[in-house]
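Chains as they are written, first to last, in the numbering used here: chain W, 1 to 202; chain Z, 1001 to 1202.
Be aware that a few hints might be false.
Which chain Z residues stay away from chain W? Per the calculated CB distances, all over 10 Å, these [stated by the list, open to error]: (1) 1039; (2) 1040; (3) 1095; (4) 1166.
If you want the footprint, here are the derived chain Z segments under chain W, 3+ residues with CB under 8 Å [unchecked claim]: (5) 1010-1017; (6) 1048-1060; (7) 1078-1089; (8) 1181-1193.
It should be emphasised that the hints constitute simulated quantities derived from the structure, not laboratory data.
In this text, all values refer to a predicted model and were calculated from it rather than measured experimentally.
Ideal placement from N, C-alpha and C gives every residue a C-beta, glycine not left out.
Protein chains: 2
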Amino acid sequence: MAQERNTEELIIEAARRIFIKRGLAGARMQDIADEAGINKAMLHYYYRSKEKLFEIVFDEAFSKMVGRLGAIFSRQLPMEEKIRTLIDHYITAIAETPYVPIFVLNEINQQPEMMVKRISSQPAFPDIIAFMKEVVEAGKKGIIKEISPLQLFLNIVSMCIFPFVARPLIQGIFQQDNIQFNMLIEERKKLVGDVIISWLKP
Amino acid sequence: MAQERNTEELIIEAARRIFIKRGLAGARMQDIADEAGINKAMLHYYYRSKEKLFEIVFDEAFSKMVGRLGAIFSRQLPMEEKIRTLIDHYITAIAETPYVPIFVLNEINQQPEMMVKRISSQPAFPDIIAFMKEVVEAGKKGIIKEISPLQLFLNIVSMCIFPFVARPLIQGIFQQDNIQFNMLIEERKKLVGDVIISWLKP
DNA sequence: CCTTTGTTTAACCAGATGGTTAAATCAAGT
DNA sequence: ACTTGATTTAACCATCTGGTTAAACAAAGG
């Protein structure tokens, strides 16, 4: 057999970069081939079509964005501490692959049917539901204010993810360079927790 | 001259629908022509190229998303009330064209240089800056807690816009139909205000 | 050495895509 | 009716794009 054995992985890495940067419609198979330093035909040899390749990249990205929530949720901690660590860890996780959210959200908006398939095969969802039940109970016990757990979830995720989605907008309007932006994000790991906790105080 | 005089506007309306639904890379000139019920050559007759047409649609969408903030900010009201009406009005405005934010954010991420041009020609930005100064002053006077005005702004905009950007995700995970989703948004007009105000209490 | 089997390449293809052009159509002024 | 100038259309073009194919190549086993 010829060449190194990681051609397969080389292709995925290239596809990941190109798809996440340009989206499904904007990505060109030739660009992916160039990025991987191989012939265009190899893409079809290893992964049958553009859609197949995209599906792999998308699934991976989707899990990276949604899946991380589950692991954190399931931790056994008092409500306030649980929420604070959730926010801190989630922002940290997203900051590692900051272009994933806008990619995932845009593709989902292009083909909302995609969601249906992911829902069943996404192990994080049950944990999210469980967390929301905990929130209701904590509300009844008076540990926190009684609020809609869905709205709580939405608020947390909004404040964690949105800054990355709107990154060029923020940096453009407020003239922030990359270092300043990263500091902003760093500060949010605690600040978003403050916002949520102050709201939840009974 | 032939036909009705609104061909020009007819084209823009069609382009708006197609571009916002599919994005620049995903939109086809033929689709826009079909949507407008005219020949493809007319698009080039009235608007020279795909890019030119796109620019018009994008500018319009960008203003719709960012511009609305200015008008609300400039209103003379006590801080708490100002923030509450801002949130209420902004969510209402976005709900009227709910697919604009994901379109704008995605295109900005595709071509961040676009931002540079918009910044100078966007009249809402000065008002945003002015608002942020007010926030600092209100903090010093003890009317509200002393917080980073940028972070405040980010929190507000995040919680207002993100639900629309993540709409299919939310509806998918939590099995919400369109009516339920709209109720969720309706509830947020007050709820997001509560979150922010409770955080700002000195 | 030669066969076999998995891997890689260059050349090619059909359909799509943005854009052009020359001719046709239409309404209004003369 | 005829000219004029804007509007509209059908046909066309060059290029791009996802995908295919046949042949070349490289190892491993016999």
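These are the hints, each one checked on the structure:
1. 1039: Given a closest Cβ separation of 24 Å, the condition holds.
2. 1040: Nearest chain W Cβ is 19 Å from residue 1040 of chain Z, so the label holds.
3. 1095: Check passes; 15 Å lies beyond 10 Å.
4. 1166: Non-interface label fails for residue 1166 of chain Z: nearest chain W Cβ at 6 Å, not farther than 10 Å.
5. 1010-1017: Not satisfied, violated; 0 residues make the cut.
6. 1048-1060: violated (count 0)
7. 1078-1089: n = 0 at 8 Å, threshold three: violated.
8. 1181-1193: holds (count 5)
Hints 4, 5, 6 and 7 from the list above are not met by this structure, while the remaining hints are.
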